[in-house]
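Sequences are here, hints too, so could you generate the full structure?
So the sequence shown is numbered by UniProt numbering: it starts at 1 and just counts up by one.
Simulated from the structure, these hints should not be mistaken for laboratory data.
It is possible that some hints are incorrect.
Below are the DMTMM-like pairs computed for lysine to aspartate or glutamate, each with C-alpha atoms no more than 25 Å apart in a straight line [to be verified]: (1) K68 to E94; (2) K68 to D6; (3) K68 to E3.
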Amino acid sequence: MLEQLDRLLAPYVGVTLSAFDNLKLAVSVLSAEVSADHSSQGSSELRPVAYEAQRTTEHGPEAFYCVKWQGVWIDCGRTNNYAASLTPLNEGEEGIIDMASLRELDIPVLTMQQVSFMCMENAHFDHC
Numbered sequence: 001m002l003e004q005l006d007r008l009l010a011p012y013v014g015v016t017l018s019a020f021d022n023l024k025l026a027v028s029v030l031s032a033e034v035s036a037d038h039s040s041q042g043s044s045e046l047r048p049v050a051y052e053a054q055r056t057t058e059h060g061p062e063a064f065y066c067v068k069w070q071g072v073w074i075d076c077g078r079t080n081n082y083a084a085s086l087t088p089l090n091e092g093e094e095g096i097i098d099m100a101s102l103r104e105l106d107i108p109v110l111t112m113q114q115v116s117f118m119c120m121e122n123a124h125f126d127h128c
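Now the structure itself:
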């Protein structure tokens, strides 16, 4: 599963967006993959689910955004982070998530063209 996730997110490895934009990007890219796979249409357990959650760090509790897709968790960054990267959590690392704090979010699914525009806009303003 991690190989497929790495392949899907490879075009966005060098992109640093805000944590919330990362959340939108991950949900949109993974939803596009589910939609492209005709055998999974209508299967809600294959769709990505976005969350706001808490984790404990050496500095105390920290709010962050994450996505769960087919059993894999993706860290989208701290909720107040304006330049975060997408990071899949390896097996065992999902233990950092306080499962009691999970709050499911309703994130709009962007088209791949909208995702491209979002990345271009961020790259433009990043240099200003």
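We went through each hint and held it up to the structure:
no.	hint	verdict
1	K68 to E94	holds, 10 Å
2	K68 to D6	holds, 14 Å
3	K68 to E3	holds, 15 Å
Figure legend: structure checked against the earlier numbered hints; every hint is met.
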